[in-house]
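If you read the sequences in order, they're chains A and B. Each residue of the first sequence is one higher than the one before, starting from 1 at the first, in the UniProt record's numbering. Each residue of the second sequence is one higher than the one before, starting from 1 at the first, in the UniProt record's numbering.
Note that these hints are calculated values from the structure, not bench results. Just so it is clear, the structure is predicted and the values come from calculations on it, not from any experiment.
List of simulated lysine to any residue pairs, SDA-like, C-alpha gap at most 25 Å:
| hint | chain 1 | residue 1 | chain 2 | residue 2 |
| --- | --- | --- | --- | --- |
| 1 | A | K333 | A | F321 |
| 2 | A | K316 | B | M26 |
| 3 | B | K95 | A | S221 |
2 protein chains.
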Amino acid sequence: MTNKVYFTPGPSELYPSVPEHMQAAMANKIGSISHRSQQFKDIYAHAVSGLRQLLQLPDNYEVLFLSSANEIWERAIQNTVEHESFHLVNGSFSKRFYEISSELGRKATKYEVAFGEGFNVDKIEIPASAELVALVQNETSSGACMPVADINKIRAKAGEEALIFVDVVSSMPNPALDYSKIDSAYFSVQKCFGLPAGLGVWLLNDRCIAKAEALVAKGISVGSYHSVPSLLSKAKANQTPETPNVLNIYLLSQVLDEMNKKSVDAIRQETEAKAKLIYDYIGSSENFDIAVKKPEHRSPTTIIANTKLPASEVNKRLAPFDMAVGSGYGSYKESQIRIANFPAHAVTQVQALVYKLQELIG
Amino acid sequence: MTNKVYFTPGPSELYPSVPEHMQAAMANKIGSISHRSQQFKDIYAHAVSGLRQLLQLPDNYEVLFLSSANEIWERAIQNTVEHESFHLVNGSFSKRFYEISSELGRKATKYEVAFGEGFNVDKIEIPASAELVALVQNETSSGACMPVADINKIRAKAGEEALIFVDVVSSMPNPALDYSKIDSAYFSVQKCFGLPAGLGVWLLNDRCIAKAEALVAKGISVGSYHSVPSLLSKAKANQTPETPNVLNIYLLSQVLDEMNKKSVDAIRQETEAKAKLIYDYIGSSENFDIAVKKPEHRSPTTIIANTKLPASEVNKRLAPFDMAVGSGYGSYKESQIRIANFPAHAVTQVQALVYKLQELIG
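Here chain A stands alone, though its shape is the one from the complex (with noise of 0.2 Å):
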């Protein structure tokens, strides 16, 4: 039994009510059903209709349930491009997606900046040839955020078949998308829906999708069971091709009933104002400073600070009262720590990781 709370980018606090919904899942025998059954099929409804509510989804756009992050960069090159694919890198997750087109033998190309900075969009050439356009919302990795207003820049910049793909795996329902200036965005459900790992979630509208079946019509290979087309025919009738992670479908259609209630303004609304608290103790420690130097480029939601203290030492000493934040990614292991604000973590709980870290470190 244990009372830590985690204030780590993901896996991360679960929403209060999780362990309550497994244990109605558990009573319920839903780890039982067949992913066939209507049983199953009413509750990938609920979880599909709960996101569109919450996100606001534009009907030309389809939500397909994958098993990470890892496995949508993956789909996404397989399905919508046939030769080259643009790349915003300013991370190790947007340089993975970058990567990961490579291995999968397309032309990658990219327009990378200093890990934890921004981008200046003005500056951004995107060569016409390339077919999807990776930007990252939000970059897990280093606490840079891109602005709403700078990837609404971004489809004018682009040829016009190009297809946006916005990461927002660990920021997503907080940035207000416009979903007519991007074509597809995506998420996992461990970072700000507050559940366990093993779900992934990709929205994406009927320009990639026509882009797949061009794929598929030219004769070229876009994976199997989870193509576009394969996925879709399942998603039609609230199935997916393979037995998915059921539990997980299940425990997002209960945490976004809850987020619906609270409205996805009311989370917003508290995501801000949380951030704040964290930014404002770390801009005035004597140990931490913001990683991100330009304050439109701070993320509110993976809120990154360099420490002199080794990350590994602010842990040990939050340890005895039950809190933990993340440490640096990769090279920044000890020199930085990763502070999450989910919409699982209260205000309350933000408050006392503040004034804790305050007192014990300064």
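Dock chain B against chain A, hints included.
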């Protein structure tokens, strides 16, 4: 709250201790821990060593965690087949593996017998050019199984370099495989391991790994985050490339402890004894008859009966008594029933099912 006992062929009845382990997982916040933490690595190592013990896996085999058996089909083709695979087909799942190879642009050939039939191995000719030979030890759709003695004859009939893959999705740990006569076996945890769906387990030997490396060396794409080299490099550090279904890996480690305590021999004996109860009843029923004609091809774990009453009517009669069997697969939906006989099903539960079917249906 339901007391229904699921004899469906997967998802199926959960192993009796799963709700308790899930409660412990929630109390210990397993859903919040990092997939790069020592705590996770210990869970991963525990699950792998539990599998090695239960399945008596030789040292030249590796254990990899994927999302589903569907995914394993795809990764197997991507990582071990440059040109051609060969498939024994006698039902919907063996056929699906064959189709996946083709969807991934390989030449897929097959030796097919009717749905519900087993194979006469002496009649099978395997093209010398087949790089992967796909066997189905237990065809979940039709209930036909392949005796291990027959599996062991395949190596001599295949090309020297051919890799022999065995589908044990809904039978493992029941078949006592001779790992020296095959190269890979795979299953998903929602069948005989009594867990929620969302995790596939891939066992593969050094020959499979060498083949994947040879394809990489030739410049052939073997996928990205879930390529064999990528999976393997993380597996050696008790991790996965992506954030995996952490909860399920934890539950697997716990259930394996209990299965190993009981011993694989005891599980196999109990499985055979329960299968005899079910087959004896079906064989003597006025309504049912055994779908698989040859006794040596009858699966002990997924038992299929032709039914005069529609399958939905059988389940309608069972429902007030909190029992459910599986309907037939695909076009056999109403004309067959499928009864799962997994380690999670207690002898007393199987007896109760047989008595009740006898009473209600005859």
